[in-house]
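With the hints as your guide, set chain B onto chain A.
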Amino acid sequence: MIEVIGLSKRFGNAQVLTDITATFAKGVVNQVIGKSGSGKSVLAKCIVGLHRPDAGRVLYDGRPFHELDLGEKRVIRQEIGMLFQSSALFDSMTVLDNVMFPLRMFAGMTAAEMVKRARFCLERVNIVGKDALYPAELSGGMQKRVGIARAIAMNPKYLFCDEPNSGLDPQTSILIDELIKEITEEYGTTTIVITHDMNSVIETGQNILFLHTGRCWWTGDRKALLASENEELRAFVFASELMRQARRGLLGQV
Amino acid sequence: MNILYHIGRYFEFLSHVFGRPERSSLYGRRVLEEIDQLGVKSLGIVALLSVFMGAVITIQTASNIDAAWIPRYVVGFTARQSVILEFSPTIISLILAGKVGSNIAAEVGTMRVKEQIDALDIMGVNSASYLILPKVIAAMLINPFLIVISMFLSIFGGWTVSALTGVVAPNDYIQGLQWDFDPFTVTYALIKTVVFAFVITSVAAYHGYHTKGGALEVGRSSTTAVVFSSVVILIANYLLTQLLLI
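Chains A and B supply the protein sequences, listed in that same order.
Everything in the first sequence is counted per the working numbering, starting at 1 for the first residue and increasing by one.
Everything in the second sequence is counted per the working numbering, starting at 1 for the first residue and increasing by one.
Because the hints were derived from the structure by calculation, they are not lab data.
Virtual Cβ for every residue (Gly too), placed ideally from N, Cα, C.
You may find that some hints are simply not true.
Unchecked claim - Computed spacing ranges between beta-carbons, pair by pair:
id, chain 1, residue 1, chain 2, residue 2, range
1, B, 213, A, 132, 31 to 37 Å
2, A, 27, B, 4, 19 to 25 Å
3, B, 41, A, 224, 32 to 38 Å
4, B, 19, A, 10, 24 to 30 Å
5, B, 179, A, 137, 20 to 26 Å
6, A, 66, B, 234, 38 to 44 Å
7, B, 217, A, 137, 25 to 31 Å
8, A, 132, B, 179, 25 to 31 Å
9, B, 212, A, 54, 16 to 22 Å
10, A, 171, B, 4, 20 to 26 Å
11, B, 234, A, 69, 40 to 46 Å
12, B, 29, A, 67, 32 to 38 Å
13, B, 19, A, 6, 29 to 35 Å
To be verified - Each computed PhoX-like pair below joins lysine-lysine, with the alpha-carbon atoms no more than 20 Å apart:
id, chain 1, residue 1, chain 2, residue 2
14, A, 116, A, 130
15, A, 73, A, 35
16, A, 45, B, 114
17, A, 45, A, 157
18, A, 45, B, 212
19, A, 26, A, 181
The shape of chain A in the complex, shown without the other chains (with noise of 0.2 Å):
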């Protein structure tokens, strides 16, 4: 479990995130909503640690990650596992070397254990075969796929996806999708994903967060997101007229 208490950070003038507090759920997909500039990536970046908020506390477990030394956050940061949007897969590396990277750096395994682990999570996301082909070499659905298994090769505690349906076909995105809330329910992560796609919030959306003006608006699974009066998230949401529509047919069906 991932908890968030009174987090703040601003940049210059400029104040992003506004005492946001919020708890991140084990074994569920948490998904995070916003409008761009709403300040979630930097909300997911303070988790991670590329920011250090100015006020506020993030414990993973308990343990709270900016008040520790660099070596406490080390041992943190290998229980991590991130998607990237643009996947972040490393260039000169092939598939298999770039799943392996994890494990090579820290996992103390043989160089057959390493492969033979990559494989496995490789195979766990449907990616057989590929094991020479550089990341330039892959579509986009499937880099999402392999950075899906880098994130799972060192058996995280916590997933954190920014955006993982982005420039995705709507049949791809439903399978990165599933393939997250496979994961998140087999390994009992907890999984913080970033999203714009109102699809998938709507579809598999288990503990929602609207950020509002770099505020914490709203909290709830997607029942409660259906029903929900809160003006800036219905605009925000149900922007579409489809939207709207759907909303109004899944309101008759709960």
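Chain B alone, transformed into the frame defined by chain A:
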């Protein structure tokens, strides 16, 4: 103030580069890869430049020394001193600042904008050390060899032009090469080379590592890296000359 900010951030960056590596055993292989990338792949341009540089220095010296009371072997002596003291260590390092420096800044800058450095940081890898330290060590190891090869080829270029054009007799040229030789000049040149190798790699990597934005900014970082490393090389050249030769 801006320059002070960069100097402060550069030294902070260096403290990360020389910070404790996670798996030092992996660094050996990375250093060898970088030696190939930064050193061996620069050999062609270094060789080409050096041969022509030596030839031109010889012709220019010969054409400017036409007084009867100056012995002809002075051409060889001047060519040797120019090549060893200045042309090979400094000019070749400036050329490498352009080739290798822009390559490092572009590579590291692209990794930054494509979030690959963030990925390393989140994994708990000291990204500055993992990415940059092998480049710094590789350049400091291989550049002295490049410069020694450059010295040899420049002097050979001078001899070739003397043999082909007769601007100075080859025997006079060789006599000049051997006349009043002080081995410390080579030591001085190699000390400069090692310092310049550090400057080229670390300054270029600093600019690449702190790139923000996209492709345009990567290009800007690459250009800035070459400009800054060239300026630092010139300043360091002056300081080292003052320290070691005076």
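Evaluated hints:
For the hinted restraint 31 to 37 Å between residue 213 of chain B and residue 132 of chain A, the CB-CB distance of approximately 33 Å keeps it satisfied. Range check, residue 27 of chain A to residue 4 of chain B: about 50 Å between beta-carbon atoms, so the 19 to 25 Å window is missed. The given range of 32 to 38 Å is broken by residue 41 of chain B and residue 224 of chain A, whose C-beta atoms sit roughly 60 Å from each other. About 28 Å separates the C-beta atoms of residue 19 of chain B and residue 10 of chain A, a value consistent with the hinted range of 24 to 30 Å.
A hinted range of 20 to 26 Å is violated for the C-beta pair residue 179 of chain B and residue 137 of chain A, which are about 60 Å apart. Range check, residue 66 of chain A to residue 234 of chain B: about 43 Å between beta-carbon atoms, so the 38 to 44 Å window is met. In this structure the hint that residue 217 of chain B and residue 137 of chain A lie 25 to 31 Å apart at CB holds, the actual value being about 26 Å. At roughly 59 Å, the beta-carbon separation of residue 132 of chain A and residue 179 of chain B lies outside the given 25 to 31 Å, and the hint is violated.
Taking 16 to 22 Å as the suggested C-beta distance range, the pair residue 212 of chain B and residue 54 of chain A conforms, at roughly 20 Å. Take residue 171 of chain A and residue 4 of chain B: their Cβ atoms lie about 54 Å apart, and the range 20 to 26 Å is violated. For the hinted restraint 40 to 46 Å between residue 234 of chain B and residue 69 of chain A, the CB-CB distance of approximately 41 Å keeps it satisfied. At roughly 36 Å, the beta-carbon separation of residue 29 of chain B and residue 67 of chain A lies within the given 32 to 38 Å, and the hint holds.
Range check, residue 19 of chain B to residue 6 of chain A: about 31 Å between beta-carbon atoms, so the 29 to 35 Å window is met. For the hint pairing residue 116 of chain A with residue 130 of chain A, the CA-to-CA distance comes to about 14 Å; that is within 20 Å, so the pair holds. Between residue 73 of chain A and residue 35 of chain A the alpha-carbon distance is near 31 Å, which puts this suggested pair outside the 20 Å criterion. For a cut-off of 20 Å, the pair hint linking residue 45 of chain A to residue 114 of chain B stands: about 15 Å separates their Cα positions.
Restraint check for residue 45 of chain A and residue 157 of chain A: the C-alpha separation of about 17 Å stays at or below 20 Å, so the hint holds. With a CA separation close to 16 Å, the supplied pair residue 45 of chain A and residue 212 of chain B stays within the 20 Å bound. Taking the CA atoms of residue 26 of chain A and residue 181 of chain A, the gap is about 12 Å. The hint holds against a cut of 20 Å.
Hint compliance for this structure: hints 2, 3, 5, 8, 10 and 15 are not met, and every other hint is.
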